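Peer 1: What follows is the residue order along each chain.
2 protein chains.
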Amino acid sequence: MPHFLSTTDADFETRFAALLTMKREDSPDVDEAVAGIIADVRTRGDAAVLDLTAKFDRMELTAEGLRFSEDEIDALCAEVSNAEREALELAAQRIRAYHVRQMPDNQMWTDPDGATLGWRWTPVSAAGLYVPGGLASYPSSVLMNAIPAKVAGVERLAITVPTPDGVANPLVLLAARIAGVDEIYRIGGAQAIAALAYGTETIAPVDKITGPGNAFVAAAKRRVFGKVGIDMIAGPSEILVIADKHNDPDWIAVDLMSQAEHDESAQSILITDDAEFGRAVAKAVEKRLETLERRTIAGKSWEDFGVVITTRDLDEAAELSDRFAPEHLELCVEDPDALSEKIRHAGAIFLGAWTPEAIGDYVGGPNHVLPTARSARFSSGLSVMDFLKRTTLAKMSPEALKAIGPAAERLANSESLEAHGLSVRARLDRLNEGA
Amino acid sequence: MPHFLSTTDADFETRFAALLTMKREDSPDVDEAVAGIIADVRTRGDAAVLDLTAKFDRMELTAEGLRFSEDEIDALCAEVSNAEREALELAAQRIRAYHVRQMPDNQMWTDPDGATLGWRWTPVSAAGLYVPGGLASYPSSVLMNAIPAKVAGVERLAITVPTPDGVANPLVLLAARIAGVDEIYRIGGAQAIAALAYGTETIAPVDKITGPGNAFVAAAKRRVFGKVGIDMIAGPSEILVIADKHNDPDWIAVDLMSQAEHDESAQSILITDDAEFGRAVAKAVEKRLETLERRTIAGKSWEDFGVVITTRDLDEAAELSDRFAPEHLELCVEDPDALSEKIRHAGAIFLGAWTPEAIGDYVGGPNHVLPTARSARFSSGLSVMDFLKRTTLAKMSPEALKAIGPAAERLANSESLEAHGLSVRARLDRLNEGA
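Quick note, the sequences are listed as chains A and B, same order. Numbers in the working numbering are just positions in the first sequence, counted from 1, shifted up by 1232. Numbers in the working numbering are just positions in the second sequence, counted from 1, shifted up by 1232.
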């Protein structure tokens, strides 16, 4: 049974607040082990990576074998069915078309004081994408990480993907090829993150690392942050659906299950202004859970973290949604556009009943790497911006320096930074000599 | 004596590579102490903050006294001279004018398949700015952090600034008022970061924390990252000047010293295509160091980390600069605009000899919070974007779902995520019934 709440309940606020702070994930503390792995890779390079891969992935490799050869990639890609290839290509094309529009403009202008100001965007030179191995090795995530990097203009894009016992996922290799990835290494875990961040004899270091991973990968990303850039540390996935009674309860049920099936720690939340509809959806979920392939996972997620909230109206639903700041938000209501205007915190919004969240996971175009665990309050999904950085530009004319330089000198002196002031003063004195 | 190198030296590459990886800062390992402080503030709230403030800042406060009252702010602001107030107001106005231009656009379009896509930017609801106390308590940094937050639309902006022994900096208070800060708390250290991230009885939690600080503050920011957003972890400052022989050596010398005076760990680098000019600048630095107020700090920084590199030409200078990826880059050459086009990695570029870096610290308009320690390879200075987040939007028409839904279903099945596929299939079946 999921958690049933109604905003008219006397204890609603208490129970809702408890839901917001409920811990869904117990990350094992692997930080010490990870620190050791990183130090080992920094010291011994390839040799450490090879030893760790033998230990964790049961793969005896040589330094030359760390990277997939073009022939190996060809052979694996050839295993993919045409239907799957076409689906990947459609997804890639749509993701690319969306992300191209995110490219920001450079600007440069001269203000009334004669100061020319602006900024310019440039891509990160080299990026590394971590792709998990095993069950969570998703080709769609390769597209979602690699395409924004290539659209941004990243010249060198490397992937690491562990292949435990030598098992590689052909779709991952094909997705990497379609996205234009330059290098693919068959390594994983904290050792892969360390190799990308610090480099080894075989693997050149990168400037930015993105992509999801297990507790070891997350801890390693935290540790190399600063040496390289990283994307967010992703937590378990969540969906929040706001639906009125004019929906098919089964559609909403299967949407809720599409998050629940990811992970026992995933969370699916329904907010509706009709209590009866909420019960109908819960019943439809039970029915779907009878036959769903991943019913054990989805059932546990729904049992532990599933939530059905009845509100007085849709405005109240929007307010509660903002407090969750969900990763995914479906608005299955008559006027989803109007309701979306009332939402301030969400990673991605899916408007209307014809837009199941799963469309966004694969072929919609927007990125599926989104802020989890309420971090949509302060962060955004992955985009081309994660692979670009801004250089600000400033150019003073002598007149501009005359106009604004004295204020800089004054503030420098107030901050006891004399040389700052003198660097302005030396120029102003020259101008005054000239006058 | 600074490090003198020439690209024509036989051992240049070795020495240059050593400079790039030279460790300038030994951060004390305070992580365990900080973990304890954060846990204490989470458990005991105000009581913990008050105890820690008594201990570290020698200030006996009550919960009511944590926040500066409007009367206290009024009284402190009245201590500021008119000249300083005008300088702060000019700076604020120019910083605001620059950052307003950074506001990104919302977008929404419908593609040929009938999918309506886009994104919308919204501000973080509440942000906290950390302002160091004592010598490094810079009013200019208050403007540089607070103005972008307010331009972005942050509703609630809180500052924490420690006041050891009760000493407050009136300019910091005035800068906060000019920038539109809503709450000012007289606390600092890891306890201030913990209070901002988790909240106490008196201090409501925020969603994003920015601002520089000592090792305790940096460690605390790292630890609360995820619960809240943070800006970069700043390292010691650096400047790189590319100058040809047509410059006044003294101007360049004082520009180099304007970084060196910050901190013994700061780094000042000159790259020139004229060896004799390089020596002249070094001589001018020695002369300035005779009289500079902060000559002990600046002298030590120049002695330990100062670098003068002679290159064959300016193109080579630009290449070397990119390997440093400097926080501040001055281009004191005949055609600085052309040379700037060859630069890929820099936090801020100052074009031409009339643009000393100190202009950018105060009144230029661009932000002075910039990526240090080579992180301009992958990150940008502070901007309105740090206080905004993007929600992606997607809306399928029935026709769009028909066109792209089957590819989503196929990929979902390839990834063994059946419910994802079913959420699309349920809708497609309805459409097919209707057909």
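Worth double-checking, as some hints may not be accurate.
Which copy is meant is left open, because identical chains are indistinguishable; a pair holds if it fits in one copy or across any two.
To be verified - With a straight-line Cα cutoff of 27 Å, these simulated DSSO-like cross-link-like pairs (lysine-lysine) come out:
(1) K1574 with K1382
(2) K1382 with K1459
(3) K1382 with K1532
(4) K1287 with K1519
(5) K1634 with K1477
Calculated from the structure, these hints are not laboratory results. None of the values given here were measured: they were computed from a predicted structure.
Peer 1: Evaluate each hint against the coordinates.
Peer 2: How the hints compare with the structure:
1. Taking the shortest alpha-carbon separations for K1574 and K1382, only the inter-copy value of 21 Å comes in at or below 27 Å, while the best intra-copy value is 34 Å.
2. Within a single copy, K1382 and K1459 get their C-alpha atoms as close as 22 Å, which meets the 27 Å cut-off; across copies the closest is 30 Å, which misses it.
3. In this assembly of identical chains, the alpha carbons of K1382 and K1532 never lie at most 27 Å apart, being 38 Å within a copy and 44 Å across copies at closest.
4. Neither within a single protomer nor between protomers do K1287 and K1519 lie at most 27 Å apart by alpha-carbon distance, with minima of 43 Å and 60 Å respectively.
5. For the identical chains of this complex, K1634 and K1477 are inter-copy neighbours only, at 24 Å across copies versus 67 Å inside a copy, given an alpha-carbon limit of 27 Å.
This entry does not satisfy hints 3, 4, going by the numbered hints stated previously.
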